[in-house]
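> Let chain A serve as the given structure and place chain B on it in line with the hints.
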Amino acid sequence: MESLDLLWGGLDAALTPTNLMYAAIGVLLGTFVGVLPGIGPAMAVALLLPVTFGLEPTPAFIMFAGIYYGGMYGGSTTSILLNTPGESASVMTAIEGNKMAKRGRAAQALATAAIGSFIAGTIGTLLVVFFAPALADVAVEIGAASYLAITLMAMVLVTSVLGSSRLRGFISLFLGLTIGLVGLDLNTGQARLSFDQPQLADRLDIVVVAVGIFALGEALWVAAHLRRRPLEIIPVGQPFMNRQDWARSWKPWLRGTALGFPFGAVPAGGAETPTFLSYVLERRLARKHRDEFGKGAIEGVAGPEAANNASAAGTFVPLLALGLPVTATATIMLAAFQSYGIQPGPQLMTEQADLVWTLLASLLIGNTLLLVLNLPLAPLWARLLRIPRPYLYAGILFFASLGAYTANLEAFDLFLLLVFGLLGLAMRRFALPVLPLILGVILGPLMETKLREALTISDGDLSGLFNEPLAILVYGIIALLVVVPIVLHRLRPDLEPAALVPPEDGATTNVDWQEVDR
Amino acid sequence: MSTSTTDHGRASADARPRDLPQLGLAALLAIIGAFTLYDATTLEVGFADPVGPRLFPYVVGAVMIGLAALLVVATLRGDRPEEEGGEDIDLTHAADWGTVLKLIGVMAFTIATINLLGWPINGALLFAGSARALGSRTPIKDLIIGAVLSVTSWYAFYVGLGIPLGAGILDGVL
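Chains A and B, in that order, are what the protein sequence lines are. Residue numbers are given in the numbering used here: position 32 of the first sequence equals residue 32, and the series is strictly consecutive. Numbers in the numbering used here are just positions in the second sequence, counted from 1, shifted up by 1000.
This is chain B alone, in the form it adopts within the complex:
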C-alpha cells in the first residue's frame, strides 16, 4: 500500500500545488469559532451552576479557531485532502460544479414554494428537475415518475402513518 493515500503532508508536498480553497474552509471554521465565542458572551450564568452555559461554547469555539490556524499551516505546507471516492464517483476528471449548482437551485425552488404548491407537486418537480440536472433527457417520463412517487408518498404518509404532508394548492383535491 502506498503511503501517499494516507499521508498527505509529506508525500505530495512537492509534486502538486497547494490546495488554496482549503484556506477558505479554514476561514469558515475561524468564523464559526469566533461566532460561537461571541454567542457565549451573551449568555447569563444561572444560580448554583458552577459551570454555567458558557464554558462549553468557550472551549468549543476556542479549539475551533485553533484548528483553523492549524489547517492554514498544514495547507501552506502542502497538505492536500484525499477526496472521497465511491461507487459512482470518478475523480479523474474535474469536478462538475454546474450540476451541483442546478441541484441547489432545484432545492431552493422547493424550499420557496413548498407552502404554496404542496408536497405532491413539489416532490414531482423536485424529482424531474434533479433528474434533468443529472443528465436525463426525457422530461415527460421524469415528471410522470416524479408525480407517481410524490402522490404515492403523500398517501402513504397520510393513510399509512397518519402524517398529513402539506397538500398546498391541491388541498381538497387529493
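Bound-form chain A, shown alone:
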C-alpha cells in the first residue's frame, strides 16, 4: 500500500510539537469563529486566511486543516443550540438537533454530532488518500480540451442544479467571471477592466473578494434585519452519550459517511443533497423510533452530521487531483493554496507530494484534536452564543477590515472590501447565491487559460475543443444536466426538482415531512 506509506510519512512530518500546536490553534480558532452565529465555515476560513500569511506552507496548511474542520463543527453547534442553521448543509442537523436540545438532550445531540463528524471525517480523509492519487494519475493524461469541459461541468452543476433559481445562479456566476477578468491578461500582459489602476491590473486579491462577499456583505445584511428579540439559547452541560445513544448512532454515522463522501467527491457541489438524503434514509429505516422523528431523534442528527463531514472530506478529491473546488469553503482553500504559489491539479501530487501528504495527515490530526478539545469545551462554546449582537457584528467588520488591510497594507484594499461588501449585500437582498460567484472568480481565469491552450494547439480550429473522447463525454453529461430537468418539468409539471432541495430559510424548518415523502 504505497498510499499508506506516504500517509505515514506525512503523519511523521506533521506530528512535531510545533505543528501540533498550530493544529490545535487552528481547531480552536476555527471552532471559535464557526460557533459565532451568522458565521458559516466558508466565512470562517476566509476571515482566518490572513492569520496564516506569515507562516511557512506546511504549518500554514496544518493550521488550515484545523480551521476547516473546526469551522464546520462550530456551525453544527450553533444550529443545534439556536435552531437557525447558518448554512444549508446544517438545516437537517438543526431540525432534529434543536428538538433534542429542547427536550433536555442537548448534550447527547452535541456528542453524536462531534463523534459522528470525527468518524465521517476520518473515514473520508482515508478515502481521499486512496482516491485522490488514483484520480490524479488519470488526470495527468487529461488534455486542455477535457479540462475545459470538466470546468464547465462544475460551473453548470453548481449554478443550475443546486439552488432555487437558475437565472439568479447564472447572474451570480457571470458576475464572478467578470470579477475574474480584472487584471493582466496572462497571455498578452494587457490589463483588462482595470480603470488604469495599478492595484487592479495586478489582479484582485481573492482574500479581499471573499471576505467582502462573505463577511462584510453578511454583516451589512444582518445589520439591515437585526432580530429585535434575542433568540432562545438552550443551556448545555458536558456532552455525553449512554449505551442506547451509541447503539442508535453508529449505523447512521456509517450510512451518512457512505452517502456524503461520493457527493463531495464528484463535482456535484455541496453537502446539501447528501445531508437531506441521509435524513430521509434514517427516518425510513428507524422503525422503532420513527415517531421520535420531528421531535428530536438522535439518528436524525447522527446521519446528516456524518454526511456533512464526509462530503467535506470528499471535496478534497477534486480539489487536490483536478484543482477543481466545488464548495465555497473549498474555493477559499484553493485561494489559500494559490497564495503560496501552489496550483492544485494533477501535477501537484507528484511535484509537491510532501505537502499533499502532510496536508492529508494534518486533516486526520485536526479531526482528532477537534474531538479531544471540543467535547470538554462545548459548554464554553455555547456561551459564545450569548455575545451581544452589536459586538459580534462590529467584531466581524473589524476582522474583515483587518484581513483585507493585511493583504497589501493599502487603503485601496479597504475600498475594494467595501465595494465587494456592498455587492454581497445586494446579492443577499436579491437572493443571488454566493457559491457560483466565488467559483466564477476562481475558475474563470483557469477556464480561459485552458480554452486558449486548446485552441492554440489546434491553431484556432474549433475541433480542438472536441478532439478528446473525455471532453465529448463530459459535454454529453452537461447537455443531459441541462435538458433532463426541463423535459421532466414539461412532462410532469407537478414533479418539482425544487422539492428535493431542503429549505434554506431557518424560519421554515418546521417542514411538513409527509409531503416530502410523497
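You may find that some hints are simply not true.
[To be verified] Some chain A residues flagged as far from chain B (calculated, every beta-carbon gap over 10 Å): (1) 134; (2) 452; (3) 467; (4) 477.
[Said to hold, decoys possible] So the derived label-pair ranges between C-beta atoms look like this: (5) A:347 with B:1093: 49 to 55 Å; (6) A:186 with B:1159: 33 to 39 Å; (7) B:1069 with A:240: 54 to 60 Å; (8) A:480 with B:1160: 50 to 56 Å; (9) B:1093 with A:456: 54 to 60 Å; (10) B:1093 with A:134: 49 to 55 Å; (11) B:1095 with A:21: 40 to 46 Å; (12) A:354 with B:1155: 31 to 37 Å.
Since the hints were made in silico from the structure, they are not lab data. Glycine included, every Cβ here is placed at the ideal spot set by N, Cα and C.
Same frame as chain A, but now just chain B:
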C-alpha cells in the same frame, strides 16, 4: 414543503407587488456587461494566439447583458427574490437601511484616514463606531474593547507574523 419558497415566479405573481428595485439590479448588470464589451474592444490581439484576450470578455459581457434582459422580463412577470435568512436575521419587519448607511460611513472614514491615523487608532474607532451604529449605548466601554482588539492585533501581526500594519501617527510610540 410549500413550493412558494423555491418557485418565485408562479406562486407569488398575483399575491404581491412586483419587486421594482430588481430592475435597478438588471440595469447595473447591463452596464457591467456593456463596459466589459467596451473594455474588450480596447485590447490588442497578440501573435500566435488564435483566441486572444478579447473573446472571453466578449462572451462574458454579452451573456451578462442577456441575463439582465431576462431579469427584466422575470421581474415584470412578478418574480420576487427569496431574501436570505440567517441566525440573527428577522425578515418580518422592514429593512433598516439607516444602520447600513452608518456602517458604510464608518468604513468610509476608515478608508479615508487609515494612512494618517494607522491601524491601532482606526481599528478601535471602527469597532466602537460599528457597535454604536448597531445599537450599543456604552461608547466608553466600546472604545476600550476596540482599542484592546486593535492594539493586540497590531502586536500579534508585528511580533507573531512579522507583518507591520501601519502605525500612522502612533509610529514610534508602539
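> All hints are to be evaluated individually against the structure, with a verdict given for each.
Results for each hint:
Residue-level check passed: residue 134 of chain A sits 33 Å from the nearest beta carbon of chain B, beyond 10 Å. In this structure residue 452 of chain A is not separated from chain B by more than 10 Å, as the shortest Cβ-Cβ distance comes to only about 4 Å. Residue 467 of chain A, annotated as away from the interface, keeps every beta carbon of chain B farther than 10 Å; the closest lies near 15 Å. At roughly 21 Å from the closest C-beta of chain B, the C-beta of residue 477 of chain A stays outside 10 Å, upholding its exclusion from the interface.
At roughly 54 Å, the beta-carbon separation of residue 347 of chain A and residue 1093 of chain B lies within the given 49 to 55 Å, and the hint holds. Taking 33 to 39 Å as the suggested C-beta distance range, the pair residue 186 of chain A and residue 1159 of chain B conforms, at roughly 37 Å. Between residue 1069 of chain B and residue 240 of chain A the C-beta distance comes to about 59 Å, which sits within the given range of 54 to 60 Å. Checked against the hint of 50 to 56 Å, the C-beta distance between residue 480 of chain A and residue 1160 of chain B comes to roughly 52 Å, which is consistent with it.
A hinted range of 54 to 60 Å holds for the C-beta pair residue 1093 of chain B and residue 456 of chain A, which are about 57 Å apart. Restraint check, residue 1093 of chain B to residue 134 of chain A: a C-beta distance of roughly 54 Å satisfies the suggested window 49 to 55 Å. Roughly 45 Å separates the CB atoms of residue 1095 of chain B and residue 21 of chain A, a value that falls within the hinted 40 to 46 Å. For residue 354 of chain A and residue 1155 of chain B, the hinted distance range of 31 to 37 Å is satisfied, since their beta carbons lie about 33 Å from each other.
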